[in-house]
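Q: For reference, the chains in residue letters:
2 protein chains.
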Amino acid sequence: MKKFFVITMIIAFLFVSLHSEEGMWTLDQIKKLNLEKKGLKIPVSEVYNPNGISLTNAIVLLGGGTSELISENGLLLTNHHVAFGAVQKASTKGTDYLTNGFLAKTYKEEIEGPGISASLLQYSKDISKKILKVGRKIKDPVKRAKARARKIKKITDKIEKGKSDIEARVAKMYNGKQYVLYVYKRYDDIRVVFMPPGAIGNYGGDIDNWMWPRHTGDFAFMRIYMAPDGSGRKYHKDNVPYKAKKWLKIAKDGLKDGDFTFIMGYPGSTTRYRTSSALSYTLDLYYPNAIKVLKETIDLLDTVGKKSKMTKIKVSGLSKGLNNAMKNWQGKVEGMHRTNFINKKIKFEKELIAFLKKDDKLYKKYGHILDKIKSEYDKKRETYVYDFNLGLGTRLNGTLMGIANGIYGTIMERAKPKKEKNPRFSEKRVKRGVSRLHYRYMSYDESADKALFKAGLKRLNLLKGEQRIKTLEFILKGGDVAIDKFVDDAFAKTKLSDVNFAKSLYNKKQKDLLKLNDPLINLAAKLYPETEALRKKAERFDAVITELRKDYINVLYLWKGSDMYPDANRTIRFTYGAVEGYNPRDAVKYAPFTTLGGVIEKNTGKKPFNMPAKLKDLYLKKDFGKWCAKPLKDVPVAFTHKCDITGGNSGSPVLNAKGELIGIAFDGNYEAMTSDMQYDEKLQRTISVDIRYVMFITEKFAGATNILKELGF
Amino acid sequence: MKKFFVITMIIAFLFVSLHSEEGMWTLDQIKKLNLEKKGLKIPVSEVYNPNGISLTNAIVLLGGGTSELISENGLLLTNHHVAFGAVQKASTKGTDYLTNGFLAKTYKEEIEGPGISASLLQYSKDISKKILKVGRKIKDPVKRAKARARKIKKITDKIEKGKSDIEARVAKMYNGKQYVLYVYKRYDDIRVVFMPPGAIGNYGGDIDNWMWPRHTGDFAFMRIYMAPDGSGRKYHKDNVPYKAKKWLKIAKDGLKDGDFTFIMGYPGSTTRYRTSSALSYTLDLYYPNAIKVLKETIDLLDTVGKKSKMTKIKVSGLSKGLNNAMKNWQGKVEGMHRTNFINKKIKFEKELIAFLKKDDKLYKKYGHILDKIKSEYDKKRETYVYDFNLGLGTRLNGTLMGIANGIYGTIMERAKPKKEKNPRFSEKRVKRGVSRLHYRYMSYDESADKALFKAGLKRLNLLKGEQRIKTLEFILKGGDVAIDKFVDDAFAKTKLSDVNFAKSLYNKKQKDLLKLNDPLINLAAKLYPETEALRKKAERFDAVITELRKDYINVLYLWKGSDMYPDANRTIRFTYGAVEGYNPRDAVKYAPFTTLGGVIEKNTGKKPFNMPAKLKDLYLKKDFGKWCAKPLKDVPVAFTHKCDITGGNSGSPVLNAKGELIGIAFDGNYEAMTSDMQYDEKLQRTISVDIRYVMFITEKFAGATNILKELGF
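Here the protein sequences come in this chain order: A and B. So in this note's numbering the end of the first sequence lands on 728, straight run, no missing numbers. So in this note's numbering the end of the second sequence lands on 728, straight run, no missing numbers.
The hints are simulated quantities; they were obtained by calculation from the structure and are not laboratory data. The reader is advised that the hints may include incorrect statements.
Stated by the list, open to error - Across the chosen pairs, the derived CB separations fall in these ranges:
(1) A:723 / B:397: 58 to 68 Å
(2) B:397 / A:598: 48 to 58 Å
(3) B:303 / A:518: 55 to 65 Å
(4) B:264 / A:604: 32 to 42 Å
(5) A:349 / B:629: 18 to 28 Å
As the list claims (entries may be wrong) - Interface residues of chain A toward chain B, partial, derived using beta-carbon atoms under 8 Å:
(6) 228
(7) 600
(8) 601
(9) 602
(10) 603
(11) 604
(12) 605
(13) 606
(14) 609
(15) 610
(16) 612
Positions of the beta carbon are idealized from the N, C-alpha and C atoms, including for glycine.
Please model the entire structure based on the sequences and the hints provided.
A: Structure below.
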């Protein structure tokens, strides 16, 4: 269900040959796409207008996904799974909104969705020249990268200065060929308006996740609130609904097979321009190791969740996220093998080298680019097991240990001389992190945290020789008994379980921090030299590989022409494509629409196929209101179309040729799990919930007349 | 894969509302079907002509399935899984034909397929009047049934007298409303001509069994041999190929979506006219218990098979059969629940009663028919666990214990006075059984046999109170240790593992048999009184329920009219229907043809998806010969059509409108697992291997030019 929610832990990659519907285009590129010829029935300027108001202004970055304004009063539509984390946190106060759903009939009844923020793009600007001229003469790639990062920070600090709700971010396009500044206004008071029950919003659960045909009503209504003066701030009783400049209209005409659609949203990350050496590294080492650890962790969370209902609610977000990432990676591994991905890539690279060889000068300049990249990955392979376990492997040790590492790392970074500091470090960021720390504690559960920590240490204790984490030997050498004792003692003694205590530590000096003698802080301090060395190694790899990848992109430009789109990087993108089913395998054809009848068909009464009785009743009575699709004689639930999206696009609006809202994107299909690395026109589809299902559930199931009224029905 | 192979252990049931393609029609009924209007392009008399030669004469009952003559020289085409048991037995001599396949290039190279026989129908005749007048005045239903059975035996004995290759069987139609005599000539020398390797003939194995889309090349060529004088006899070096009166021609035109097809074959058993009480009994008790025991037994066979390759080959037939039955029953249980089957049936019965109530006389006569049937099933429920475990439960105790029970039962039956004897007992049957006993020993494996026996006894030892098998307490009371010891000792001492010794026992007197003091014979003797009592109870139930079911059929006749076909009972039947895919679930459409490309798509290199390299190579070279289907640009592998078949139809010819061979039926689809109980036009399909795939494999893969030549290519 959440393929298109940002998977934060992902490391990925690849390449491209431009097909009709391929492409996550930047707003500037839209005008070059000849959309009117492809089916768009409104002027392109109504889609994006850098000098005025257009549909783009209704697109909102929300949490790990995307959302869209659908009323003048800040009403947002997004996915159930994008709202999930916030609603999970709201549920820790006692009412299980995840299972039961939630409906506010008035503004007053709308509840805080803790921890989720909305960002609205104010403007964007190409600043490549400014950045690229910096550090041209610096030979050391790490120093050069840092010099540029400092320049970027200077620019963004200037913009943000004195404005707590303004965020300036600079996005690296085409692996650093281009730098674009994006300035957002951020709203931290997002409230829940209508969340359907889990048996609708998460119908099919992990079993159906990524799968077509799909029957999930993956939507939720939220609302942006702002201070009375129009600025963004956190939850406050005096806050008022946001006043939108532009909002989307619900389509009155039903969507059908073959119709033109487009999506705007915030795709997180793709790697369509990577080399075979990068791909092999990930396929051979990263995925298999990560999948194994995730599987173990999910099983563990499942076990601890069985002991207490509250524990289960608290770990549900993490568990869902890990499940989603694991299924994604498994699918990628399968897909890469099935499509003979790496061999195809090698063939492509041979053609590339043949192209370069035609021109001596060119070959001299770029002829060894692939070898250079390979050599970097070969180095990474050597220490992979150690790096992986110190990195991802230690990250799954629970909330408190993560916070201890964060506190100690902040203090050490602050104490560094300016030139050595991580350029992205800023007191503003630290302050915001501290102010939001209590959201992390909403998912904190002691029994789960201890179980994760113990399991993590025991996993590290299986490593051999050079792979071992030296700093931890003082615990590990005692085996399982010593590990259990260490964790039990640490949790008995640490005061980090108190969020206010934790918040008070970020401004301490190292010396004073260590005087507290908190066992988790002490452990973080012990680990720091090892993790810091790893960070430095990664920093060097990133600086070197970025330069090499930029060269590689230059070569692709020279070879294939400049009609390319940059990899997704959580900046706003446009993608279009027709409603269309697909042939997943021999003799099987998937239609592009599912129906309420299909929900009934899957219903077993047992989670995750436990549709509410009332919904079944509406079906049996054929009480579909105006949300019935005539040719189907049923309410359409979800549909597939040929848009090109990825994680982060979750909740993005799907618009028809007239620019009206016809659905909400929420997933991609399992058959195209390698889509972040390569586009496959025959198999890759976006899965969206049909706006008619959203409205049917809202009106007929929930009786949310207030929402219908607000939408002008 | 073997849904349509006879499942001998099955007990089943249900009802009907006549749809277009429903019906397993007797030959006499064909002329009433208006086939010319439905697409048949040859006169009906070419399909069936009681007074001459017609296509019917090419249809041959073969082992547990059906086959068809395709050359003048007795060449048969059937399913790989129909030939499987015989080829498995041939493989016990050392060469694993199941894995490697087998091809004879000349008559001389053709090998014996041990244990399999072919029966050709000579004529049939309605003898209802003769049978039904017998026993009219006998009140006791068991005595009446026996009197009729004796009459039947008298008729068939007379026909068979002095002719060892003639078999006369009387089939009860419509639960005993009609009796039809069928006279066959039997040939016991069937040889293997071409068996594709398991990686083609059983491609997809148990995973794909019952499933569409399917990619199994489920076919084999065999040949009937006869004595030089034309009589049927067992394998003999002087035997010559059978001379066919009629054989089928391979179609030259490719089949396509929507084309008319028909099938003739020997469906084993359907129960489309059962009541809700019978259905509930089976759903509540029979299937769940049977599935559990089968699952355990399959796992056990899997474990013992891992210890030795020869053991694995020897138990493969049993294991395959059990797997097939289990998947069938699981599918039936799912299907019955999913389709709300029993409630529909109850609704149907309410309408039936309402119909009867309109006529006082009718209601008086038949108004309580459903209650009467229910009362019989209620009685069965009371002792169900005991009966089940003594019946099916003890049947899975291995080969030798089965043979011991058989020997002792034969001797006891023979000693009974004529009126008490099972009317189907005859010395001729005993003699034939004894002469074929060595085929059973070909699947005998001591380690598997002992493991099955031990597991069976341990299972029986879990029963409580009234459910327990009293006779076995002397072993069971000692627990697992005693059971293991009993079985080990018994196998160390018994001489039954010697087939010739076993054969010598069938004509002994009880007294002399017991003097041998063979532990397995002794146990059979101890068990006999309990199993005999169970048999008598079943005999009574059968006699009573048959009369009641006949009344029920009478009521259906009165209500729905006489346009009914009798339940399948292993007599020859005709069914027709168009080539058509189906919609298995919301948004999914299955096309009616699969292709060689789909074989590649499923290929993982691991069993059961391990296609031969040569086959892959043919695909990559597009070396399809004349077997390519133009619209698919590929070789069609299998297809679905709307014929109505069941277990026993396996291997049946599929013919086109011109009466030419276009495929071989080999399965039904999982979505219609309840098809034996109810026909569902939307979901029920026959799955057949396309004759073009058969010919492509034969010519291009196997290079069997001799077969092509014999077929006139």
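Q: Hint by hint, say whether it matches the structure.
A: Structure-based check of each hint:
| no. | hint | verdict |
| --- | --- | --- |
| 1 | A:723 / B:397: 58 to 68 Å | holds, 59 Å |
| 2 | B:397 / A:598: 48 to 58 Å | holds, 54 Å |
| 3 | B:303 / A:518: 55 to 65 Å | holds, 59 Å |
| 4 | B:264 / A:604: 32 to 42 Å | holds, 34 Å |
| 5 | A:349 / B:629: 18 to 28 Å | holds, 27 Å |
| 6 | 228 | holds, 4 Å |
| 7 | 600 | holds, 6 Å |
| 8 | 601 | holds, 3 Å |
| 9 | 602 | holds, 4 Å |
| 10 | 603 | holds, 6 Å |
| 11 | 604 | holds, 5 Å |
| 12 | 605 | holds, 6 Å |
| 13 | 606 | holds, 4 Å |
| 14 | 609 | holds, 5 Å |
| 15 | 610 | holds, 6 Å |
| 16 | 612 | holds, 6 Å |
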